[in-house]
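Engineer: Sequence:
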Amino acid sequence: MNEYLVLSKEVKEALAEGVPVVALESTIIAHGMPHPQNVETALAVEKVVRENEAVPATIAVIGGKIKVGLTCEEIEYLGEKGPEVIKVSRRDLPYVVAKGLDGATTVAATMFIAAMSGIKVFATGGIGGVHRGGEKSFDISADLQELARTNVAVVSAGVKSILDIGLTLEYLETYGVPVIGFGTDEFPAFYTRKSGYKVHITADTPAELARIIKVKWDLGLKGGVVVANPIPEEYSLDYEEITRAIDSAVLEAAEKGVRGKEVTPYLLAKVKDITGGKSLEANIQLVLNNARLAAKLAQELSKL
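Sequential numbering of the sequence shown, starting at 2, is according to my numbering.
One or more hints might be untrue.
DSS-like cross-link-like pairs, simulated, lysine-lysine; straight-line CA separation at most 27 angstroms [to be verified]:
1. Lys10 <-> Lys48
2. Lys88 <-> Lys10
3. Lys215 <-> Lys199
4. Lys66 <-> Lys48
5. Lys66 <-> Lys137
6. Lys48 <-> Lys13
7. Lys88 <-> Lys257
8. Lys82 <-> Lys273
9. Lys137 <-> Lys257
10. Lys304 <-> Lys223
Label pairs and their in silico Cβ distance ranges [what the hints assert, rightly or not]:
11. Ala99 <-> Val20: 30 to 38 angstroms
12. Val7 <-> Arg92: 19 to 27 angstroms
13. Gly134 <-> Arg212: 22 to 30 angstroms
14. Asp239 <-> Ile202: 39 to 47 angstroms
15. Asp239 <-> Gly184: 33 to 41 angstroms
16. Pro84 <-> Lys304: 36 to 44 angstroms
17. Ala255 <-> Gly197: 36 to 44 angstroms
18. Lys223 <-> Arg92: 27 to 35 angstroms
19. Gly184 <-> Glu11: 44 to 52 angstroms
20. Ala255 <-> Arg212: 40 to 48 angstroms
21. Ile213 <-> Arg51: 37 to 45 angstroms
22. Val20 <-> Arg245: 31 to 39 angstroms
In short, the hints are calculated from the structure, not lab data.
For every residue, glycine included, the Cβ atom is placed at its ideal position computed from N, Cα and C.
Given the sequences, and given the hints that come with them, work out the whole structure.
Structural biologist: Written as structure tokens, this is what we have:
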């Protein structure tokens with residue numbers, strides 16, 4: 002095993018025995034939600050994965066060690082430190098590990114570590130994408146390039162609607178990343194099931210999803226898959242309301258000069274304030290929903 006990589010006993014045994022494993026990111030703990038909801042949600046997500054007969058593997062860097070399968074104490078530690086923990090994408094891993102620092106992994110970093118560990122399925126909230134105005138600023142999440150190169154299926158509620166959804170889908174198409182709508186032909190926009198953009202591949206069962214993904218990799222088509230799993234209907238926010246909230250937050254961020262990897266946490270916090278906390282509850286519910294589907298997908302892939 003890689004000298005920098007530490008797998009928990011449970012994860013190591015599960016992988017050795019062919020038991021389904023689901024990777025989980027840690028940015029949502031340190032940067033995505035306030036304390037204590039961040040810790041409560043992380044533990045609830047792990048519980049949902051277990052209830053659906055898979056092993057959760059929350060990933061982070063603790064003291065310079067890349068950990069796959071955190072303890073409850075380590076999750077609490079990240080949640081309490083919050084934004085003090087470095088937000089780690091692929092480019093940041095060498096620095097954080099070499100310096101012996103703590104890091105919360107983004108979608109890109111979690112995908113990379115999951116693949117290095119032998120984990121094929123990863124559940125998150127929403128993937129990163131092309132930011133609004135990205136055709137001029139080139140502000141494009143590293144998540145998209147990771148999806149183009151790394152063989153991991155990512156179950157998400159689409160992309161955060163603070164992004165340019167159309168450009169994000171075009172980027173994924175250019176790099177040959179399949180976007181599969183689970184039970185829908187409309188690409189979800191994180192807080193809401195609506196976006197106005199269609200997907201060209203759909204699947205109605207975890208078994209169908211697994212077959213599509215397995216064939217992709219069997220054909221030697223490198224790269225990940227986006228499983229677009231809409232937020233449950235009862236938690237979906239009104240499309241017009243969330244669009245207004247996001248537009249307002251984006252304008253304020255631009256006026257204040259918020260840039261780079263600080264943009265997303267800033268916008269999410271503003272949208273939470275504008276919606277009176279409804280966006281936070283939606284965020285929690287969609288993550289739980291994605292974890293449920295990811296566990297079922299990992300089960301089906303383990304049978305093939």
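Engineer: Report the numbers of all earlier hints that the structure fails to satisfy, in ascending order.
Structural biologist: 5, 13, 14, 15, 17, 18, 19, 21, 22
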